[in-house]
Every structure is written in structure tokens, then in C-alpha cells.
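Asks: If you're matching them up, the sequences are chains U and H in order.
Under the working numbering, think of the first position of the first sequence as 1, with each following residue one higher.
Under the working numbering, think of the first position of the second sequence as 448, with each following residue one higher.
Warning: the hint list may mix true and false statements.
As the list claims (entries may be wrong) - Listed next, with one range per pair, are the computed distances between beta-carbon atoms:
no., chain 1, residue 1, chain 2, residue 2, range
1, H, A478, U, P336, 46 to 56 Å
2, U, Y161, H, Y780, 45 to 55 Å
3, U, V339, H, K516, 23 to 33 Å
4, H, H602, U, E17, 26 to 36 Å
As the list claims (entries may be wrong) - A short, non-exhaustive set of chain H residues, derived as facing chain U with CB atoms under 7 Å:
no., residue
5, A594
6, V775
7, A785
8, K805
9, L873
10, K875
11, G877
Hint data in this document are derived by calculation from the structure and do not stem from the laboratory.
Cβ atoms here follow ideal geometry from the backbone N, Cα and C, with glycine treated the same way.
For reference, the chains in residue letters:
Number of protein chains: 2
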Amino acid sequence: MAVRFLDKYAKGFYSDEEYSRVKELLVPADAKLRAESDVNEYKGWYGLPFDYDKEELEEIKRVAAKIQKDSDILLVIGIGGSYLGARAAIEFLKSQHYNAMKKDTPEIYFVGNSFSPDDFADIVSLCEGKDISVNVISKSGSTTESAIAFRFVRHLMLQKYTDAEIKERIFVTTDCKKGALKNFADRERLKTFVIPDDVGGRFSVLTAVGLLPIAVCGADIDEILAGAADMKRRMEAQGIDNEAYRYAVLRNVFYSQEKFIEILVSYEPSFRSMAEWWKQLFGESEGKGGKGIFPAAVTFSTDLHSLGQYIQDGKRCLFETVVKQTEVKNELYVPPNAVDIDGLGFLAGKKLSSVNSKALMGTLLAHTDGGVPNLVIEYDKRDERNLGELIYFFFLAVAVSGYMLGVNPFDQPGVEAYKRNMFALLGKDGYSELREELDKKLSELGH
Amino acid sequence: MAVRFLDKYAKGFYSDEEYSRVKELLVPADAKLRAESDVNEYKGWYGLPFDYDKEELEEIKRVAAKIQKDSDILLVIGIGGSYLGARAAIEFLKSQHYNAMKKDTPEIYFVGNSFSPDDFADIVSLCEGKDISVNVISKSGSTTESAIAFRFVRHLMLQKYTDAEIKERIFVTTDCKKGALKNFADRERLKTFVIPDDVGGRFSVLTAVGLLPIAVCGADIDEILAGAADMKRRMEAQGIDNEAYRYAVLRNVFYSQEKFIEILVSYEPSFRSMAEWWKQLFGESEGKGGKGIFPAAVTFSTDLHSLGQYIQDGKRCLFETVVKQTEVKNELYVPPNAVDIDGLGFLAGKKLSSVNSKALMGTLLAHTDGGVPNLVIEYDKRDERNLGELIYFFFLAVAVSGYMLGVNPFDQPGVEAYKRNMFALLGKDGYSELREELDKKLSELGH
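Construct the complete structure from the given sequences, taking the supplied hints into account.
Replies: Set out below in C-alpha cells:
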């Protein structure tokens with residue numbers, strides 16, 4: 001029993017009536033989530049911790065071990081859901097400084113998530129003189145960012161390796177049957193892993209999309225899946241009032257009070273990328289149809305000296321969800337000073353983790369005093385089981401939260417708009433009408 | 448002439464009347480900024496690009512050269528404004544991967560901005576077998592996070608160096624006369640640099656606070672100051688309708704339309720920490736008295752596959768400020784494929800920077816179509832002069848923007864609340880009444 005949800009600190013911020021009114025939406029939301037559905041509803045993540053293909057899992061571990069053995073660097077090519085989960089998990093389990101630290105596993109860099117030539121040039125320079133493997137992740141293989149990066153990376157590899165060697169160093173995670181990347185992989189006889197048809201990008205961290213890079217950093221991916229399965233079982237046993245659903249209900253209560261921003265707060269710098277993953281999960285699932293809570297994130301105590309002022313005293317349009325870690329990997333004790341130069345002598349000999357938790361509690365009380373409701377999610381420590389639990393907790397919560405809000409939490413219709421415009425401006429075939437329209441707009445704007 | 452502000456893409460989102468009504472607040476705001484003031488008003492940053500102490504600047508360069516020569520790692524101890532500016536500048540000028548890249552300047556890690564024992568333990572392990580220097584930055588020397596880190600770091604150094612060597616490796620940036628850190632530095636005869644009395648943390652990047660770590664990464668700090676001076680001169684020459692002030696007016700126009708969130712958008716991953724610095728500058732300056740625009744940030748195109756859905760189609764409570772870079776350091780050309788496997792053959796041979804700018808323009812048009820006003824700030828390239836211009840542009844804008852909003856942009860009264868609670872919970876002398884009050888609250892909450 002690792003992850004707990006605590007609503008007690010937020011009690012003063014809503015009435016029983018408000019809670020009940022929103023909670024009425026929960027039963028139909030839960031029913032929608034549990035209903036049989038076809039593949040296009042993208043609910044495949046729901047059963048995943050139990051249904052996972054055991055053979056695929058063993059293959060992931062085998063390939064991860066090979067990469068660990070023959071590579072200094074793993075380049076992961078993917079954008080959005082095709083990299084945020086893996087990066088989050090690696091930093092959570094190891095460290096935000098994973099790549100810089102001494103270790104016997106490869107450095108892992110995420111590319112193909114930007115069009116910046118400078119950034120790509122930096123990555124190329126990091127690869128100089130190193131043995132690299134590549135995991136290219138794309139459902140279709142035609143996602144522009146990652147497809148371009150894959151072109152660059154293959155050219156980079158051609159300078160280092162023979163054709164036969166390259167085939168042993170590229171691993172493809174894609175559709176099981178169709179798509180540009182699948183066709184390419186089959187023709188070149190590259191090792192492939194499957195992105196299930198019914199799992200969307202932001203729900204894909206518990207598939208090969210996330211699990212292969214995570215396994216390369218040395219993490220135990222069975223334990224992650226076991227944590228997710230535990231969470232599913234526990235929430236189901238708790239019934240309709242389960243902790244994940246209570247989190248979902250309270251988010252919607254605060255939204256109905258015009259608190260449009262949710263800030264995910266952590267006191268561990270190595271949680272930062274988890275917050276980025278969470279921002280995608282919640283923002284992309286709920287932000288549609290003119291609705292949705294805007295997801296933001298801070299790391300305290302550092303950001304208490306940045307956004308802390310706003311949270312304490314700015315516009316009252318927000319609430320906080322504090323992620324609290326209760327155990328550390330390495331305890332430290334505040335060292336004594338011969339002379340108490342900094343006035344902190346009263347802390348000498350205290351556990352640093354205890355100072356951190358007093359900062360958390362002091363801040364929580366200060367912010368609730370300032371009119372900001374605080375929800376709390378506790379986990380024990382940064383290990384695989386807690387990670388799996390956290391991931392599945394957020395999956396469950398965002399699914400019913402989106403349904404309660406009246407949106408489809410599993411689509412992302414708004415993501416196409418920029419792509420269409422970009423293709424038109426780049427002169428892609430089939431976009432000439434839109435191109436004319438945009439050119440007219442731009443010429444009116446003086447371009 | 449490097450940094451430009453463009454409001455043309457936002458024209459349809461406000462009427463001339465709305466603009467004029469808000470602009471009436473600009474003349475008094477400008478007058479307030481220019482008025483003679485005492486040191487407690489914290490407007491020292493205003494004249495800094497011209498008034499900078501030339502001797503101090505030479506000393507910064509001399510010390511930076513020494514650190515470059517005898518250190519593998521520089522540890523910068525500071526929190527909030529005492530590290531965000533330097534980190535932002537180093538990543539902007541060099542790379543988000545600065546520490547990982549091959550170079551002849553030291554790695555630079557920022558510590559003392561968290562109470563996490565795990566994070567500190569990671570940093571200690573990075574220092575193993577390396578020669579380190581330390582720059583400890585604190586006005587008072589009693590800021591808890593950085594004072595504790597300084598205790599740990601001195602114990603770490605005692606294991607590596609003699610007392611005499613340590614004195615040569617610790618550099619103190621603090622008050623010119625008083626405070627715990629100043630007293631300590633004087634007693635130990637450590638080299639000190641000055642945080643001017645009338646410059647607040649979030650406005651301190653152009654003092655020794657920012658300039659020493661920035662110089663260590665090999666940047667030309669004279670050019671940064673020259674860029675800031677250029678910006679000041681240019682905005683003054685443009686008069687009351689200058690670009691920085693227009694940005695401030697439009698922010699307040701959108702705020703009056705209940706657009707409570709400003710998203711700073713960049714297409715360069717190495718701009719990410721600049722956005723963190725910007726979030727502190729704007730959030731801490733304006734978020735008070737129940738008011739203020741909430742500052743958020745994204746890096747596109749990656750976050751188009753994360754927060755892009757929300758921005759395109761979620762709650763219409765936001766506007767975007769797009770930071771556009773027009774020149775790259777390393778151009779790349781999209782490589783051809785023998786077979787057009789990814790359907791991107793039409794891009795082969797194109798500049799990657801041109802794909803990036805089409806993505807920017809396509810996204811801007813999509814988001815404005817979706818009801819999100821877009822402001823644009825253009826700069827030429829990631830160099831010292833552009834950095835100085837950008838910094839000073841934002842300083843000017845936030846100062847008048849805060850005054851127009853009716854707040855004091857140079858204080859941060861809300862930052863004390865968490866500190867008081869934390870000290871009380873940690874049992875510090877003088878906080879016993881508050882301690883009782885908090886203990887009562889916590890026991891009611893079941894602690």
C-alpha cells in the first residue's frame with residue numbers, strides 16, 4: 001500500500017452539497033470507463049497491467065540488456081506521449097542527473113521532439129566517439145518531428161556502422177500491422193515492438209513505448225506493472241468512493257468554483273519530469289470544447305522563491321495538488337558549524353528529510369490560509385512499485401474526471417490544427433487550398 | 448537592433464478603446480519607474496547597465512578565469528533570483544546540455560535550491576574525484592535552503608582540500624556590509640562580490656549574482672551588459688509607446704478580458720530555463736493583492752503534443768507570448784531518403800530552421816484561430832547581446848506592467864508566509880506562539 005490520496009487539508013474549501021452535486025456525475029463516468037468499447041475509444045490502458053503480453057515483456061528485457069551491453073548512449077526518438085513517460089520514469093527512479101552520474105547503464109537522450117537545428121547539433125556532438133543504439137517510437141512513422149530526427153540519426157549511424165551493424169542497433173516501437181515505420185522495419189528486418197491499437201500516446205508509458213527505455217536505465221519493469229495492477233485492484237476494491245475518483249471529483253468541484261489552474265507540487269527535483277508527463281495527461285485529456293483545468297507544475301522549495309508569491313497572494317483562480325514523498329534513498333543530517341554563522345544552529349544534526357517535510361507542511365498551511373485549496377497525494381519512495389501505482393492512479397483519475405467534465409478524455413482533436421497549417425506552409429501535396437488561405441492572411445499581416 | 452516586439456498578430460483581439468483605456472495607466476507607471484527613489488524601492492536594476500562598477504566587473508572576469516583554470520565543477524549555491532538568471536543565461540548562450548557537452552570550461556551545478564537529501568546526494572556523487580569551486584550567493588546568508596547547502600558543501604570541501612585551499616575556492620556574493628555571510632567571508636578572508644542594496648533577487652542577473660557563474664561558462668559578460676544598455680537607450684528613444692511598454696499594455700488589456708494565464712512559448716529547447724527565469728520575474732512581481740497574470744511556459748513543438756490541445760481548444764482564459772529566434776548557430780538540412788518511407792520527401796534538402804519557423808507560424812495562426820491572442824518577441828540569435836536585450840526588455844515591461852496593475856512590482860510580501868510556518872514547525876526560537884497555533888491546526892487534522 002504505497003500511494004494514498006488525502007483530501008483532509010481541503011475540507012474548508014467546499015460544502016457537502018457542492019461535493020454531492022459533482023459526485024452525481026461519477027457513477028455514469030465510471031460506467032462509461034468500464035463499458036465494453038471498440039478499439040477507437042482508446043481504453044486499452046485500462047486492462048493493461050493484467051493483460052500485458054508476457055512474451056513482449058521478455059523481449060523488452062532481452063533487448064534492454066543487449067543495449068546496456070553494447071551501447072554508451074540510447075537515443076530515444078519520439079514526441080509527446082512517445083517520450084514524456086519514459087523520461088519521467090527514468091528521472092523519478094534514478095535522478096534528474098541520470099545522464100551525468102557514474103553508472104553502468106547507457107546515457108539516454110530524447111530526440112525528435114523539436115525542430116531546433118541547434119538542439120539536434122548538440123545531441124550529435126554528445127554522440128561523438130560513443131556507441132549508440134536507437135529506439136524510434138511512432139505509431140504511424142510519419143510524425144514530422146520524429147521522422148525527421150530518424151532521418152538525421154540514420155545518417156549519423158551510417159558514418160559509424162556497417163549496414164549489418166545498424167540493423168542490430170535500431171529498435172522500432174510502432175503499430176503492429178501498418179504504417180510507414182512498420183513497413184520500413186519489416187523491409188529492413190529491424191526488431192519491432194508494438195504500440196497497441198487501443199492505447200493513446202499519453203496513456204502509453206506502460207507499453208513498450210515507455211518500458212523499453214525505462215528498462216535500459218536498469219529499472220525493474222515487472223515491478224512497475226505490478227504497482228499499476230495493485231492500484232487497479234485497490235481502487236476497484238474501494239468502490240465508487242475510491243481515492244482516484246475522489247481526486248477527480250474534487251478537481252471538478254474546484255473547477256466549478258472557477259479555479260481554472262491546478263498546480264502539481266513536488267518537493268523532489270527528480271519529480272520534475274513526472275510533472276511534465278502529468279501535464280500532458282491532464283491537459284490533453286481535458287482541455288477541449290472550451291473547457292478544462294490548466295495544468296501547471298512547480299518544484300518546491302525552489303519555486304517558493306519564484307511562483308510562491310503568486311500562489312500565496314495572487315489571483316485566487318487556482319488549487320494545488322501536492323505530491324508528498326515519505327521516504328528518501330539517502331538520508332543526510334544537517335552538519336554542525338563550529339560557530340553558528342548562519343543562525344541555523346537549531347537545525348544541526350536534524351535529518352534533512354525532516355526539514356523538507358516541515359517545509360511542505362508549513363507551505364501547505366500557508367497556502368490554504370491564503371485561500372488555495374491543497375490536495376495531497378502521498379507515496380513512499382521513488383521506486384518501481386510506487387511509480388506504477390502513481391501512473392495508474394492518474395490514469396483512473398483523469399479518465400473519470402474528463403467524463404465528468406463532459407469531454408472525451410481519450411481524443412485530442414485540437415492537435416491537428418497546427419500540423420495542417422505547418423504542412424500547408426511547407427508546401428506539402430494536398431494542402432494547396434489551405435496554403436492559399438494562410439498566404440493571404442500572412443500577406444495581410446505584412447509577410 | 449536585435450530584439451523586436453510584434454503586436455500585429457493580436458490585432459483582432461482588442462479594440463482601440465480597450466487599448467486606450469489601459470494605456471492611460473502607462474504615463475503614471477512610467478513616471479513612477481523614473482522617479483527618484485530610496486534604496487528600499489529596489490529600482491537599482493534600472494540604471495545598472497550604465498552604472499556598473501567597472502572594477503567589480505574586472506574582478507568577476509579574473510575570478511571566472513581562475514575557476515576555469517583550476518576547477519572541473521563550479522557549484523553555485525543560491526535559490527530563486529540567486530540562481531535562475533545564471534542558469535537561464537548559461538543554457539541560452541551554450542546549451543541545455545551544457546554540462547554534458549565536451550568543453551574547456553567547468554561543469555556548473557546549481558544547489559541549495561531544495562531540501563531534498565536525494566538531490567543533494569546526487570550532486571555530491573557528481574563531485575567525486577573532481578576539483579570544485581563554490582560560489583555561494585545570498586543577501587543575508589541566512590536563507591535556509593542555501594545556508595544548509597553551504598554547510599554541506601564546506602564539509603565536502605574539508606574532505607578534499609586544506610583550509611588554505613578552501614579559502615581559494617569559495618567565492619561569496621552577498622551584501623556589501625552586513626549579514627551572516629558577509630561576516631563569515633570577512634572573518635575567513637574569502638573573496639566577496641556585492642549584491643547591491645537596491646536590486647531585488649529577480650532583478651539581479653546583471654549583477655555579480657548572475658555575472659560570475661555566467662562568466663565561468665565562457666560567456667562575454669561585457670556584451671550582455673552592452674545589450675541591456677542598448678535596450679534601455681532604444682526604448683527611451685522610442686518614448687512612451689516603446690516596444691517594452693506596448694507589451695506591458697497588451698498584457699493588461701488581456702488580463703482585463705479575464706485572460707489570467709500568459710504562456711511564454713519558445714521553439715528552442717535551450718530557452719527553457721529562460722522561461723523559468725521569466726516566470727519568477729513576472730509571477731513574483733505581479734502576483735499579489737489577489738491579482739496578477741499566472742505565468743506558464745512551453746517549448747514547442749514538443750509541448751504541442753502535450754499542452755497544445757489545451758491551448759488550441761481548452762478554456763479560453765489565456766494568451767501566448769511567442770519568443771521567436773531568427774538565426775541558428777548550426778544549420779542542418781533534412782537528409783534525403785533513398786525511398787520516401789515517411790512521406791516527408793518534400794522536405795528533403797530543406798533547412799531544418801525553416802521547418803521550425805513554418806511550425807511556429809502555422810501554430811501561431813492555428814492558435815489565434817482558436818481564440819488565443821499571440822504576441823511575438825523576436826531576437827536574432829542566442830548570443831550575449833541578444834540575451835542582455837531580452838533581459839532588460841522584460842525588466843522594463845514587468846516594472847510598468849506591475850504599476851499599471853496597481854501593485855508594487857518590486858516586493859514579495861507573500862514569500863515570508865511559508866518561511867514563518869516552516870521555522871515554527873522546525874522549533875526555531877521566537878516562533879513558539881505560531882508553533883502552538885500550527886500544532887493545534889495539525890492535531891485537528893489528525894497529525
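Asks: Each hint needs a verdict: does it hold in this structure or not?
Replies: We went through each hint and held it up to the structure:
A C-beta distance of roughly 52 Å is found between A478(H) and P336(U), which places it inside the suggested range of 46 to 56 Å. The given range of 45 to 55 Å is broken by Y161(U) and Y780(H), whose C-beta atoms sit roughly 22 Å from each other. About 32 Å separates the C-beta atoms of V339(U) and K516(H), a value consistent with the hinted range of 23 to 33 Å. About 56 Å separates the C-beta atoms of H602(H) and E17(U), a value inconsistent with the hinted range of 26 to 36 Å.
Residue-level restraint check for A594(H) holds (minimum Cβ-Cβ distance to chain U is 4 Å; threshold 7 Å). For V775(H), the shortest C-beta to C-beta distance to chain U is roughly 5 Å, which falls under 7 Å, so the interface hint holds. Nearest Cβ of chain U to the Cβ of A785(H): about 11 Å, over the 7 Å cut. The hint is violated. Because the beta carbon of K805(H) sits about 4 Å from the nearest beta carbon in chain U, less than 7 Å, this interface hint is met.
With its C-beta approaching chain U no nearer than about 5 Å, L873(H) sits inside the 7 Å limit, and its interface hint holds. Interface restraint check: K875(H) against chain U, minimum CB-CB distance 6 Å, threshold 7 Å, status holds. Taking 7 Å as the C-beta cut-off, the interface hint given for G877(H) is violated, the closest approach to chain U being about 10 Å.
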